[in-house]
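Peer 1: Protein chains in written order, with the UniProt record's numbering: chain X, 1 to 202; chain G, 1 to 202.
The reader is advised that the hints may include incorrect statements.
Unchecked claim - Calculated from the model, a selection of chain G residues having no Cβ within reach of chain X, i.e. all distances over 12 Å:
1) L50
2) L94
3) Q102
4) R103
5) G121
Stated by the list, open to error - Just so you have them, the derived chain X footprint on chain G, three or more residues with Cβ under 8 Å:
6) 79 to 93
7) 124 to 131
8) 168 to 179
Note that these hints are calculated values from the structure, not bench results. Note that the Cβ used here is the ideal one computed from N, Cα and C, for glycine as well.
There are 2 protein chains.
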Amino acid sequence: MTLAPYAPAAPLAPSDLAGSPAHLPAGAVSPGMTSDVAPTQADSFPLALLLEDKLVVLVGGGAVAARRAAAFAGAGARLRIVAPTLHPSIAELLGPQDEWVQREFILGDLTDAWLAHTATGDPAVDAEVAREAEWRHIFCINAGNRDAGTAAVPARATAHTPTGRVQVAVDSGDPRRSVAVARHMQDELESGRAPLHPRRRR
Amino acid sequence: MTLAPYAPAAPLAPSDLAGSPAHLPAGAVSPGMTSDVAPTQADSFPLALLLEDKLVVLVGGGAVAARRAAAFAGAGARLRIVAPTLHPSIAELLGPQDEWVQREFILGDLTDAWLAHTATGDPAVDAEVAREAEWRHIFCINAGNRDAGTAAVPARATAHTPTGRVQVAVDSGDPRRSVAVARHMQDELESGRAPLHPRRRR
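Excised from the complex, chain X in its bound form:
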């Protein structure tokens, strides 16, 4: 873990986000940012991310961030936590490849990130994080306001088997329902009713 406060060499100014990222061919680019994000009504698209060695930036270091950081780390991601203080369970989690940026978020902190997670408790800061992520075209989980982000963490059920983990994710736009369905699916996995070993002779 990098304990020393980190600062980007050249932090982004808000005006830097007004145009398109400079590495994109100018003629083929539409503006990479929109100033306001409409609430999403369409269904979400479930994807399984292969996060090994990918940088995930979490802004905010409280209990929600702690739970999510453990999940990202379990998938092999490298973590950068941007937060003045850390939940004790995050501090325990961080390894030599991870960073703690011990201060409030500034534009540029998503440098190198593949995925962003914001849970600062301050909607204005969460919106700033979402704005930089939008500019970079990387997905951002906004823990305080699902529809102001571009990705959501589904409810999960998991079974460990000798041939690897089976993961079930449930998303319904209603977290309470998603959790209830995931609990049911967890029962199915644990009861042996779900076919976890389909390779047996038929």
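Use these hints to put chain G onto chain X, whose structure you have.
Peer 2: The following block gives chain G in isolation, referenced to the frame of chain X:
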């Protein structure tokens, strides 16, 4: 749908991918690309993407791409298909906001993308697509070789309810097992055993 062949104003040369994207602050950046991607052993991380109005680029226009394109479009994504020829069901799917780039892939075709999908049938081309996605730090589904990509499409089960869709995604690293478990979960959703309506009085 934009039927006229599209070409980036300034296609990327392979050497352009050697460094870091130019819009990232130089001092804070580690090389954005690795030349070879090790097979992933860690568990995948399930995420629900909110793709409304986000550009998804699909390279290859065959049957696999067609199935995936329908799913992306169902989640509200804009599509860019890069392929000399199109599966008939893709052609039917494309709306005025979508693009068909009627030729083979060239570097730069992922401009503006949030997510990439490659299913060209040619491992060398799929690798080129994955390489550009890696450089941009956007996730790439490699339909021909899961571990050479950075994301995978899970098996799915779905229930439509008056209060929205409930989506269950299953990933296990073994597609046959994932599909078998998802079929079981679909039975649970349809039988009424899964608690799709948890808001009733308790």
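Peer 1: Confirm or reject each hint.
Peer 2: We went through each hint and held it up to the structure:
no.: 1; hint: L50; in the structure: violated, 5 Å
no.: 2; hint: L94; in the structure: holds, 17 Å
no.: 3; hint: Q102; in the structure: holds, 16 Å
no.: 4; hint: R103; in the structure: holds, 14 Å
no.: 5; hint: G121; in the structure: holds, 22 Å
no.: 6; hint: 79 to 93; in the structure: violated (count 0)
no.: 7; hint: 124 to 131; in the structure: violated (count 0)
no.: 8; hint: 168 to 179; in the structure: holds (count 10)
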